[in-house]
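Residue numbers (numbering that gives the first Met the number 0), protein chains in the order written: chain F, 0 to 83; chain Z, 0 to 83; chain L, 0 to 231; chain B, 0 to 760.
Note that these hints are calculated values from the structure, not bench results.
Do not rely on the hints blindly, as some may be mistaken.
To be verified - Cβ-Cβ distance ranges computed for the label pairs, FRET-style:
(1) B:Ser11 - Z:Arg82: 53 to 61 Å
(2) Z:Met0 - L:Asp161: 50 to 58 Å
(3) L:Arg184 - Z:Arg65: 40 to 48 Å
Just so it is clear, the structure is predicted and the values come from calculations on it, not from any experiment.
Built from N, CA and C at the ideal position, the CB exists for glycine as well.
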Amino acid sequence: MNFDITVEIRGVDGVADPEGRTIERALGSLGFGGASQVHVGKTITFALVADDATVAKATATQMCERLLANPVIERYEITVTLRP
Amino acid sequence: MNFDITVEIRGVDGVADPEGRTIERALGSLGFGGASQVHVGKTITFALVADDATVAKATATQMCERLLANPVIERYEITVTLRP
Amino acid sequence: MTARIAIISFPGSNCEYDVAEALGALGAECTIVFHDATELGGVDGVVIPGGFAHGDYLRCGAIARFSPIMSAVTDFANAGGAVLGICNGFQVLTEAGLLPGALQRNAGLRFLCEPAVLEVASSNSNLTAKCARGDRVVLPINHGEGNYYCDAATLAELEENDQVVLRYLHNPNGSVSNIAGVSNRRGNVVGLMPHPERAAAALATSTDGRVLLDSFLSWALTNAASPTMIGA
Amino acid sequence: MDHDALSPTEISREITRDPRHIPLGLLDEEYGSIMEVLGRIPTDLELAMYSVMWSEHCSYKSSRVHLGRLPTTAPHVLVGPGENAGVIDAGEGIAVALRIESHNHPSFIEPYQGAATGVGGILRDIFTMGARPIALMDPLFLGPLDDAHCRYLLDGIVRGVGGYGNSVGVPTVGGQITFDPCYRGNPLVNVFCLGLLPVERLVLGQASGIGNLCVLLGSRTGRDGIGGVSVLASAGFNEESDGAKRPSVQVGDPYEEKRLIEACLELLDASLVVGIQDLGGAGLACATSETAARGGLGMEVNVLAIPRREPGMTPVEVMTSESQERMLAIIEPSSLDEVLRVCARWEVEATVIARVTEVDESGVGHLVITEGEDGPVLCDVPAKSLADEAPLYRRPLAEPANYRSGLIDTTVETLRSTSYSEDLVAMLLDPSWIYSQYDHELFVNTILGPGEADATLLRLAGPGVAANGRSLALSSDANPAWCAIDPRLGTALTVAESALNVASVGATPKALVNCLNFGNPTHPEVMWQLSESIDGMAEACRALDLPVVGGNVSLYNESQGRDIDPTPTVAVVGLTGTLRRRPPARAWQEGDALVVLGTWSRTLAGSRWAREIHGVRSGALPSIDLELHARLCALVATLVAEECSDAVAPELVHGLHSIADGGIGIALAEMAIAANIGCVVDGVNDHHELFSESVSRIVVATPRAEELLARATAAGVPGIVIGEATGGRLLVEGVIDVDVDRLHEAFTGRISSALGETVAH
Ligand SMILES: Nc1ncnc2c1ncn2[C@@H]1O[C@H](COP(=O)(O)OP(=O)(O)O)[C@@H](O)[C@H]1O
Ligand SMILES: [Mg+2]
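Take these sequences, add in the hints, and give me the full structure.
As structure tokens, this is what we get:
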């Protein structure tokens with residue numbers, strides 16, 4: 000089966016996010032005052048061939064642990080959807 | 000009202016995505032054979048105070064047009080959710 | 000006559016002193032203008048130097064483009080004044096819409112600090128007016144995001160209008176058509192990734208940057224921005 | 000807080016009743032000493048502050064008794080060890096600040112951020128002295144490249160050094176790389192920084208002036224790096240606990256640091272600051288107690304005034320957090336408005352968090368921490384007791400059982416290979432994969448950059464310090480293989496090598512800083528190695544007139560109970576006269592005679608050839624005559640200086656390369672690669688002579704061998720002609736025959752081909 004995988008990667012809570020803070024300041028000075036808690040993360044999308052959704056999720060999890068995310072400072076969230 | 004905004008930023012078609020290609024190769028050499036079409040994008044999340052969802056979306060769109068995305072190489076997608 | 004040059008410094012810029020030294024040695028009178036200023040003063044040319052303006056957060060040059068001084072730089076450029084963006088300055092100029100295209104992460108995904116051999120592709124710009132097409136120069140590159148991109152239509156337009164200023168002989172970063180530097184249509188706004196100011200000092204490995212910087216200074220003096228158009 | 004002093008029995012009862020010192024890494028005796036100092040049971044905050052300040056990392060409690068044996072003075076030394084950085088007088092009103100530090104354990108846990116924050120930390124040590132940082136170097140020590148995790152670490156560490164150094168706008172102009180299995184589970188990341196200042200801008204990290212304000216500059220305080228010095232830097236690694244140590248990871252923000260540098264230098268130029276201190280290990284606990292102790296006064300801190308990044312932080316977390324990019328400035332109250340204005344312009348947050356207070360009736364300055372302006376007192380301790388009165392340990396020393404037998408083992412001299420050419424090819428390693436990822440040219444100071452010569456040569460100039468024609472030479476060196484065999488002689492050889500490197504670009508060596516990376520100090524063999532190493536360093540520095548102006552000790556470098564090889568890293572800085580031309584580099588010209596100046600040697604003990612090709616690590620290291628070495632350094636510096644100081648170059652020296660690891664073989668190969676010209680050598684008889692690593696010698700390429708040898712003789716330095724530069728092959732009669740192109744390919748490819756593969760955790 001063909002799956003679409005989306006991995007959202009963000010800093011774990013408590014880790015500084017200097018990029019988010021800088022963007023927040025820039026938005027403020029452009030007059031977008033109402034924005035706060037700006038955070039920047041990474042999204043990795045790919046197609047994956049797997050027997051079923053459980054296997055796809057397990058494979059994606061392994062990929063995150065070994066390569067895609069850095070568990071020391073990042074957490075990740077995986078979404079699996081069947082390809083139409 | 001308080002909204003959570005998520006802006007997904009990805010390369011426009013035709014722009015090379017060397018990071019995606021490198022990850023794809025790396026996944027392959029780690030033994031994750033089934034992955035293809037790897038793309039890397041950016042996700043910017045923030046909290047926004049706005050009168051209603053339409054205004055929130057309009058404000059976020061302006062932010063993208065002016066600062067968050069560069070139309071020469073990037074396209075963006077905005078998701079607005081009401082804060083519980 | 001002495002060319003008066005404004006060198007723009009954003010928080011995070013770091014090559015402003017180097018540019019001032021190199022241009023100063025060629026006889027220019029340089030002032031470092033902080034990004035919060037709103038006026039350039041009476042200058043003949045503007046340089047946006049290398050560095051990491053606003054930390055290069057979000058995208059290189061994206062936030063710098065909104066610094067107060069950038070309105071004055073834009074007016075100066077539109078009035079025909081000589082504007083040169085080096086490395087991060089090139090990124091700022093593309094973000095500000097003063098030059099076409101965009102700069103992306105190096106194809107090899109690594110920062111690169113090394114010499115590059117370049118070929119002058121046009122002498123129709125403030126930077127290369129004193130060079131001939133086909134001249135070779137060696138200049139250091141120093142960037143993580145110098146991979147120039149523009150779509151096919153823009154590229155055709157650049158070629159047609161003679162706006163490709165410099166090309167790499169060996170493409171280090173994946174740039175479209177080996178492009179290392181471009182100009183706007185009039186040739187008064189130029190951006191390049193390599194650092195001519197690093198190839199100018201007496202004991203430097205290469206001194207090829209001098210002819211380019213010298214060209215920029217002469218061009219700035221003879222093609223003064225039309226004052227009536229500034230701020231128009 | 001008025002209590003009757005606790006009796007010894009009350010103290011020991013308390014230690015067992017409520018052992019809350021244990022998770023903080025304090026020993027029972029140390030907890031007892033704290034109660035003795037205070038005469039009462041400490042509060043939670045006090046105990047936490049003692050635990051970080053009395054950690055090995057902050058207090059040097061195991062090493063301090065030995066460090067005193069190093070020579071630290073010379074007429075040109077303005078500031079020696081004890082301050083944030085050493086400072087020397089470079090003449091003409093210019094001073095040079097230098098310092099080296101390790102960031103070993105954090106880099107193992109998170110290589111990118113560990114290395115990045117290592118760079119951030121050493122930069123603050125330099126600009127806190129009033130100096131503008133103009134150069135970084137990064138000696139690195141990793142496990143072998145064929146190990147995937149080591150490649151992952153190397154990749155992350157190099158990206159981290161570059162990611163921070165490049166963006167903060169300080170060039171990384173040199174460093175070194177060693178691969179050895181002993182670093183597999185404990186890589187070493189040492190970072191050196193050098194800065195320049197007008198002599199009159201020199202400031203010290205002191206809190207002076209009762210009533211003066213302490214302003215915290217820079218980032219907000221978060222929960223990152225809590226207890227980093229006691230949990231991470233002062234204990235070894237073992238598998239189960241690594242995960243638990245992870246919350247200590249700090250994240251660096253080079254953009255914040257860049258603005259902090261500019262803001263601080265502007266404050267100092269405007270004389271708005273009476274003292275300034277960086278926040279590094281142990282965070283505010285360290286910065287407040289050290290500045291108060293150095294100034295001999297007290298300080299009152301309002302912990303609620305400290306801006307936080309996260310809600311719900313406790314006073315203990317706030318005071319011991321190691322959040323990066325923060326500085327503590329001590330200012331007169333009348334300067335406050337101007338200080339805030341300068342900081343606002345650089346978008347640097349600035350908050351008054353404390354004030355300097357007078358001493359009590361017995362002359363003791365107290366560090367008092369309150370919760371709110373007039374709120375409850377959470378801490379009231381003598382500032383000096385935190386900063387200077389940690390227990391000192393004279394830990395037991397023991398010569399390792401195999402030390403003497405190793406020295407007399409002659410196995411190494413019986414080793415043979417089938418092809419010495421192939422050995423040479425296998426030993427070549429070009430670190431350009433590393434330094435091409437670092438900006439090494441910013442400030443247009445770099446005259447001889449990484450890879451061009453034995454030392455980096457920079458103009459003695461930078462923003463705010465105009466070029467005067469003179470220049471600075473820098474070299475960082477370490478050779479753990481030598482030190483594993485004989486830490487005393489090995490360290491002396493390392494110092495000698497570094498001094499000759501600096502001389503070979505025409506400079507006179509002026510000062511040394513060191514980073515002593517060793518294993519677990521509770522192992523008597525490790526303490527013996529440390530003590531021996533310090534003695535070797537002291538001997539060499541005395542003989543070569545090199546004052547030690549600062550350093551850093553990193554202990555507990557071990558994994559799975561195995562200590563790393565003793566790894567003393569040194570960095571030597573030298574000064575040249577006026578340069579009119581680029582000095583000769585590491586190359587030669589067709590037809591040059593090749594001369595070796597210095598001593599001759601045959602022993603293969605400690606050589607890279609013995610270790611890398613045959614896995615043998617024993618034998619007696621080549622000896623060194625330090626007086627001869629000093630003469631050699633002086634001769635080489637003079638010869639090179641003559642090539643670049645006058646209007647017309649004498650052209651007696653076309654190129655040169657000092658001989659150290661890899662011996663004459665590697666020196667010749669690297670010169671041939673750089674020149675793209677081969678050589679024919681008949682003066683090297685066998686593989687002993689080719690790969691021996693005696694450091695008192697240098698290969699010089701000259702068109703006039705007779706004249707060069709006469710100069711050497713006059714200077715009391717031996718020398719011989721070994722061959723000629725010519726052709727396209729490296730030919731050492733009877734030993735080596737290999738094409739220069741092949742050498743070039745092997746040289747440049749080694750790291751990049753290894754790292755071309757996948758870099759996974
Ligand atoms: N091996 C050494 N040789 C000489 N001086 C040393 C050595 N190790 C540490 N020092 C000196 O001790 C002082 C305190 O060092 P350290 O605690 O690392 O500073 P910081 O508190 O800024 O991190 C420094 O001035 C340093 O130069
Ligand atoms: Mg310090």
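Going down the list of hints, with the structure as the test:
1. B:Ser11 - Z:Arg82: 53 to 61 Å: Given a distance of about 56 Å, which is inside 53 to 61 Å, the answer is holds.
2. Z:Met0 - L:Asp161: 50 to 58 Å: 54 Å Cβ-Cβ, so the 50 to 58 Å window holds.
3. L:Arg184 - Z:Arg65: 40 to 48 Å: violated, 25 Å
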